[in-house]
Amino acid sequence: MGAYVVRRLFQMIIVLIGVTFISFSLLFVTGDPLAVMLGDVRGMTEEQLDAMRARYGLDRPLTVQYVDFLGGLFRGDLGRSFYHRQPNLQLILDRYPATLQLGSMAFLLSIVISIPAGVIAAANRGKLADNVCMILALIGQAMPVFWLGLMLMMIFAVELKWLPVSGRGTYQHLILPAITLAAFSIARNARMIRSSVVEVLDQDYIVTARSKGLTERVVLYRHALKNALIPFVTLLGIQLGHMLGGAVITETIFSWPGVGRLSVQAINTRDIPLVQASVVVLALSFVLINLLVDLVYMFLDPRIRYT
Amino acid sequence: MKKKAFLLFISFILLVAMTGFANSQERDPLIVMQAGEIQGLDPQFSSSLHESNVLKSLFDTLVKYDDEMNLVGNVVTDWEMIDDYTWEFKVREGITASNGEVINAHDVVYTFERGTCPDVGAATTVPWLLSCMNFPTAEVVDDYTFRLVTEAYTPQILPFLSAWYVFPMEYYKNTSLEDAISNPVGSGPYTLVEWVRGDRKVVTAREDYWGAERDVKDIIWKVVLEPSARMAALNTGAADIIVNVPPDQVAQIDPDYGRVEIVQGLRKIYTGFVFYQHEAIQDRRVRQALNYAVDMQQIIDALLDGATQRTFTFVNEPFGQHPELEPYPHDPEKARELLAEAGYEDRTGDGFVDNPDGTRLTLRFHTPRGRYLQDYEIAQAMGGQMMNAGIYVEVTPIEWSVFSSRTRNSEHESEMFLLGSGTGYHALGDMSDFWCASGWKPGEWCDPKFEEMFAEVASRKCPDHYEEGNYMLQEYMYEEAPLIFMYMQPDFWGASNRIEWAPAANERVYTEYIKWTD
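Protein sequence lines, in the order shown, are assigned to chains B and E. Counting in numbering that gives the first Met the number 0, the first sequence runs from 0 upward without gaps. Counting in numbering that gives the first Met the number 0, the second sequence runs from 0 upward without gaps.
The set of hints was computed from the structure by calculation and includes no laboratory data. Don't take each hint at face value.
To be verified - The list that follows gives simulated cross-link-like pairs (lysine-lysine, BS3-like), each with its CA atoms no further than 30 Å apart:
| id | chain 1 | residue 1 | chain 2 | residue 2 |
| --- | --- | --- | --- | --- |
| 1 | E | K448 | E | K460 |
| 2 | E | K514 | E | K63 |
| 3 | E | K89 | E | K63 |
| 4 | E | K514 | E | K333 |
| 5 | E | K216 | B | K160 |
| 6 | B | K160 | E | K460 |
Remember, it's a predicted structure, so these values are computed and weren't measured experimentally.
Full structure from sequences and hints, please.
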C-alpha cells in the first residue's frame with residue numbers, strides 16, 4: 000500500500016514537471032515575449048526595450064530562466080501579471096474561492112441527483128421511470144452549456160424573477176450557475192451509474208442476496224450500488240478537476256468571478272505570466288484531486304492496494 | 000466507517016460551497032455593467048475605456064468635456080500658450096484628495112514625472128498621450144501655477160489633458176506600484192469602497208468633493224461580458240446602465256424597466272487596404288472601385304438599425320470635417336468601369352473580374368468578430384455586395400488577439416481588414432492613423448506625398464492655414480482611398496427607467512450627468 004502511494008506521488012511530480020515545462024515554454028512559442036507582453040511597442044527605443052528585457056530577466060539563457068521559474072514555484076512565487084501588475088498567486092487566490100464555491104456546489108448537485116436517478120433507472124430497467132430518466136439524461140448531455148445557462152437565466156431570472164441574473168453574492172446567485180455547470184455531469188453520471196448498476200444486478204452475489212430474502216431496497220443500495228460505484232469514483236475525480244479548473248462558459252454567462260474567466264482573460268490580453276501561473280495552479284489542483292481519488296479508490300476496493 | 004467518511008466528505012463539500020455568503024447584504028446603488036475587465040485602478044495604468052470610466056469617478060482630470068463636448072477647466076482653471084513650446088496653467092485652489100492631501104501644482108508636475116517612468120507607462124495610454132503632446136516636461140512656477148514645455152509646437156494639447164489624471168504626490172510617492180493599483184486615492188467625486196476582482200468596484204460619493212454634488216451617491220461598476228446577461232439584468236432591474244446592447248435585441252428591452260439610448264460615437268469603423276499583399280490594391284482605381292461597390296447605407300439600415308452616419312473622411316465631426324466631400328455613392332457599374340480601366344475585368348465569363356493574367360482576382364477580407372458592433376456580420380454583407388459587383392471576396396473572421404497583433408505589426412494576411420479607430424482629439428490626430436511616420440501603419444499605405452503634406456500641415460501655426468491644410472489632407476485621402484469609408488460606430492446603451500441620462504459620444508460615462516428620476 001505504501002509503495003502504491005509513493006508511486007503515485009512520484010507520478011504526480013513527473014506530471015507537474017511536464018506541466019511547468021510546457022507552461023514555461025508558452026512565453027517563448029509566441030515570439031518575442033516582450034513584444035507579446037507590451038503589445039504596443041510604438042515609441043519605445045531599442046535601449047528602452049533592452050532595459051525592459053533586463054528588468055524581466057528575459058536577457059538570460061533559457062535554462063537559467065526555467066530553473067529560476069521552478070525555484071519561484073517552490074517558494075510560492077508564481078511571477079507577476081503583466082496586465083494587472085500584481086503577483087499572479089494573489090490574483091488567482093482572489094478568484095479561487097469563487098471557483099471552489101461554484102465547482103463544489105455543481106459537484107455536489109451532480110452526485111446528489113445522478114446517483115438516485117441512475118439507481119432508479121437501473122432498478123426499473125425498460126420501464127417508464129427508466130425511459131424518463133434516460134431521456135432526460137440524453138437531453139442533459141446534448142444541451143450546450145451556454146444555451147442552458149441563458150435559458151435558465153431567461154426563465155428564472157428575467158421571467159419569473161426568482162433568482163438574480165448574474166454576479167456573486169448571496170446563495171441565490173449560486174443556484175443558476177451551479178445547475179448550468181452540473182447539468183452535463185448529472186446526465187453523464189446518471190447514465191453511467193445506470194449501466195454500472197444494471198451490470199452488477201446480473202452478478203451471482205446479487206442473486207444470492209435476493210435468495211437470502213433481502214428486500215430489493217437493501218439489495219440495490221447495500222450490495223449493488225456499492226460495487227457499481229467503484230468506476231464512478233474515478234470519473235468523479237476527473238469531473239471535480241474539471242469543475243475546479245474553471246468553468247469558463249458558465250463563469251462568463253453568469254459573470255462569476257472565477258479562475259476560468261481570469262485565465263481566458265489572461266489569454267486574450269496576452270498576459271503570458273498569468274497564463275503560466277493559472278496553468279500551474281489548475282494542473283496542481285487537478286493532480287491533487289486525482290491523487291485523492293486514487294487513494295479513496297484504494298480504500299473502496301482493496302484489490303487495488305495489491306496491484 | 001465508510002459511510003461516515005462519505006458523509007464527512009459531502010459535508011465538507013457543502014461547507015466549501017456555502018462559504019462566502021456573509022457579504023450578501025448590498026446597498027441599493029446605481030449599477031453600471033461594462034463589458035471589459037479592469038486592469039488596475041492606478042490612474043496611469045489605464046488602457047481602455049471601461050477602466051477610464053471607473054477612474055473618472057475616482058480621479059479628476061486636468062480639463063474635461065462638458066455635456067456638449069466643449070473642453071472646460073477642471074483641475075486647471077486657466078491656461079495660455081506663452082510661446083511655441085510652452086503652456087502655462089493655473090491650478091484650482093481648494094481641491095483635496097480623499098486622504099486629505101491638498102492638490103496643487105507640485106502634484107500635477109509629479110504626475111508627469113511619474114508618467115515618464117518606464118515602470119509605469121508601458122502598455123497603457125500614458126506613452127501615447129505623452130507622444131501626442133510632444134513629450135512635455137512639467138515644471139512648477141508657484142504653488143498653483145505650472146508649465147508644460149513641449150519638444151515641438153503643440154497647439155492641440157488640451158484634448159489630451161482631458162485624459163490626464165491628477166493624484167496626490169505624497170501618497171503615490173510613498174506607495175508601491177502594487178498597492179497603488181489596488182488602493183486608489185484621488186481627488187475625484189467618489190472613493191473606492193470595495194473592489195472584488197472580476198466582479199465589481201463599489202464607489203461612494205465624497206462629501207468634501209470640490210466640484211458639483213453628485214445625485215448618485217453610490218455606484219457599482221460591474222463586469223458582465225455576456226450581452227444577454229447584461230440585457231437580462233436591465234430587464235429585471237438589476238442594472239441601470241449597460242453597454243453594447245445588440246441592435247437586434249433592442250426590441251427585447253422591457254419598457255417597464257428600461258430603454259435604449261443610441262448615440263453616434265466617435266469611433267470610425269473602416270476597411271483598411273493592405274498594400275503589400277496584392278498589386279491590385281496598389282492601384283487607386285481598384286481602391287475607389289471597392290468604395291463604389293459597397294452599399295454602406297443599406298448595411299447601416301439593416302444591421303445597425305439605421306442609427307449612424309456614413310463617413311467620407313477620417314476626421315471626426317467636431318474637429319473640422321471637409322464641408323464639401325460626400326460619401327462615395329453605391330455604384331457597382333462605376334466600380335466595374337474603374338476595375339476595367341485598371342486592367343481587371345471578366346475574361347472568363349464567370350461573372351467575376353480577373354487578373355491581367357486571366358486568373359480570378361480574389362481579395363481576402365479579414366475581420367475581428369465581436370470586437371466592434373456587428374463587425375463580422377457587416378464584413379459579410381460587404382463581401383456579398385462586392386461579389387454582386389463582380390469582385391470575388393473571401394471574408395474570414397480572425398481571433399482578436401491575432402488580429403490586433405497583425406494590425407500592430409503590419410502583418411495582415413489579407414488584402415482588406417476591418418478596423419475601428421477612436422478619436423485622435425483633433426483633425427491631424429485622427430488622420431495620423433494613415434501617417435506612416437507615426438509608426439502606426441497596419442496596411443502600409445506610405446504615400447510619400449501624403450507623408451510630406453501631413454508633416455507640413457502639422458507645423459502650420461496660423462489657425463486658418465491649419466484648417467486649409469486639414470481640408471487638403473482630407474481631399475487627398477478621399478481621392479486616394481487608402482480605405483473603404485464606412486461609418487461612425489453607433490453606441491447602443493441600455494438605461495433603466497430609474498435614471499435620467501444621455502450617453503456621451505465618446506463612450507464614457509460621466510457621473511455628473513446621471514440623475515435619479517424620482
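Hint by hint, here is what the structure shows:
{"no.": "1", "hint": "E:K448 x E:K460", "verdict": "21 Å, holds"}
{"no.": "2", "hint": "E:K514 x E:K63", "verdict": "19 Å, holds"}
{"no.": "3", "hint": "E:K89 x E:K63", "verdict": "15 Å, holds"}
{"no.": "4", "hint": "E:K514 x E:K333", "verdict": "52 Å, violated"}
{"no.": "5", "hint": "E:K216 x B:K160", "verdict": "26 Å, holds"}
{"no.": "6", "hint": "B:K160 x E:K460", "verdict": "62 Å, violated"}
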